[in-house]
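Protein chains in written order, with the working numbering: chain F, 10 to 385; chain R, 434 to 520.
Honestly, the hints are just simulated from the structure, not real lab data. One or more of the hints may lead you astray.
As the list claims (entries may be wrong) - Restraint-style ranges between C-beta atoms, simulated for each label pair:
{"id": "1", "chain 1": "R", "residue 1": "G520", "chain 2": "F", "residue 2": "T200", "range": "42 to 48 Å"}
{"id": "2", "chain 1": "F", "residue 1": "F217", "chain 2": "R", "residue 2": "G519", "range": "37 to 43 Å"}
{"id": "3", "chain 1": "R", "residue 1": "H444", "chain 2": "F", "residue 2": "D196", "range": "42 to 48 Å"}
{"id": "4", "chain 1": "F", "residue 1": "V309", "chain 2": "R", "residue 2": "G519", "range": "41 to 47 Å"}
Unchecked claim - Calculated pairs, BS3-like style, for lysine-lysine (alpha carbon to alpha carbon, straight line, at most 30 Å):
{"id": "5", "chain 1": "F", "residue 1": "K66", "chain 2": "F", "residue 2": "K95"}
{"id": "6", "chain 1": "R", "residue 1": "K475", "chain 2": "F", "residue 2": "K66"}
{"id": "7", "chain 1": "R", "residue 1": "K475", "chain 2": "F", "residue 2": "K95"}
{"id": "8", "chain 1": "F", "residue 1": "K22", "chain 2": "F", "residue 2": "K66"}
{"id": "9", "chain 1": "R", "residue 1": "K475", "chain 2": "F", "residue 2": "K22"}
For each residue, glycine too, the CB sits at the ideal point set by N, CA and C.
As a plain string of letters, each chain reads:
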Amino acid sequence: MAVCTELLIGTRKGAWVYRDDGARGGWTVDGPMFLGEIVNHFVADPRDARVRLIAAKTGHLGPTIFRSIDGGASWIEARRPPAFAKAANPDQARAVSHTFWLEPGHADEPGVWWAGTSPPGLFVSNDNGETWDGVAGFNNHPMYWRWAPPDGGTPDGALLNQIVVDPRDPAHMYLATSTGGVFESLDRAATWAPLNRGVEVSFLPDPFPEFGQDAHFIALAPTRPDRIWQQNHCGIYRVDRPSDQWRRIGKEMPQAIGDVGFTIVPHPRDADTAWVFPMDGTTVWPRVSPGGRPAVYVTVDAGASWRRQDSGFPSDQGWFTVKRQAFCADRGAPLGLYLGTTGGELWMSDSEGEAWRPIAAHLPEIYSVTVAQGMD
Amino acid sequence: MVRVFLPSQLHSYCGLQTRPEVVGATIGEALNELDRLFPGLKFRVIDEQDRVRPHMRLFVGGDAARDLTTPLRDGDELLIFGALSGG
């Protein structure tokens, strides 16, 4: 029985599925699906291979969630997509612009999904994404308007850009935002507290505030869930809980490259190994590959050192970058790494990053690359 | 009855019924009826605070309308357009 890998691709103009031939040597493509829809995230349920969700909106239309409960053969729309409660105070009248992140719930909670939105909002579904409810513990937190100020955030709006559930405990959660940094809950999202000690902010008067950081991406080491990797707006960090002191491991990156980027990918079996895709954060923040020479960097010693991996990528005049949801790993052996670029190219490595080759080109700007893995 | 014009952006909801007739004394009531006929349509035009989404345009009798309490009369035409530029 062969392992079947599908890459679920979300782009600025629709969704695609790339399916491997069992040896990662050739890929077939399905798509486009939802052509013209802005697809921020396209995720398969690791608990139930039949369930897939897509977070979508268009330039004209408001946001929604498309659902499949037959492995992507057919799609229906959420009956009640994420939406904030109606506000009595017009100054606090929030409307979901788009759902940015979809997170399957804990393995012991089938049917549960979490969603993060812009403006920052946390939502939960208990029915595989058919209906969604706001999570008051974050959305109505007394500190909400300081954690998520209306004038903060990315060019596409302030984000609750990520939700992570501790695989050992469904009540233990982290989330990342573009305006407040990282937050932790020990009571299944009922209450939240900032977790940003030691994370620098280069754009505020106080460089080490309790909150106000822009946490681009966080990831738990699968084999050591107390280890959190973070690619922040201002650098690469790691914390090993129960410590709450982040350490800037990006200081060990080459100075000419820096440690700015959107995402970080931990190795599924080695807690000391992770990959980043640096981008140019100098001067006016071009946010392209530094020097036009794309590369990933890997650490195999928990951030004590980093090594460049660029074989296969353009050696010159390559000006793309990789967004938050667009870099991922499968669980194969050897490991498969996959990334999608702002230039609409899909790349893969089956050598733990040592060599890269393109799978597809000429897609719209890629926002999301995730893996669905099952047995043929 | 109010005749509604639905733009191409909403045809995935209404199919060939691009000119449905609905009952409604206000724009909000007409949109609720549209949502009953075509589930999910209203939220993609109107946000959860009852505001018309930024790149949608509503017209009644040729006049622009962004308030869901705008009254409708029997025989009125409610036009819904998508209006967005850029690539």
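Going down the list of hints, with the structure as the test:
1. A C-beta distance of roughly 43 Å is found between G520/R and T200/F, which places it inside the suggested range of 42 to 48 Å.
2. A beta carbon spacing of about 39 Å between F217/F and G519/R agrees with the range 37 to 43 Å that was offered as a hint.
3. At roughly 45 Å, the beta-carbon separation of H444/R and D196/F lies within the given 42 to 48 Å, and the hint holds.
4. For V309/F paired with G519/R, a C-beta distance near 44 Å keeps the hint of 41 to 47 Å intact.
5. In summary, the hint linking K66/F to K95/F is supported, as the alpha carbons are separated by about 21 Å, within the 30 Å threshold.
6. Between the alpha carbons of K475/R and K66/F the distance comes to roughly 14 Å, so the proposed pair stays at or under 30 Å and holds.
7. Of the supplied pair hints, the one linking K475/R and K95/F holds, its CA atoms being roughly 16 Å apart against a limit of 30 Å.
8. Between K22/F and K66/F, the direct Cα distance comes to roughly 10 Å. Compliance with the 30 Å bound is thereby established for this hinted pair.
9. Simply put, K475/R and K22/F have alpha-carbon atoms about 22 Å apart, close enough for the 30 Å limit, and the pair holds.
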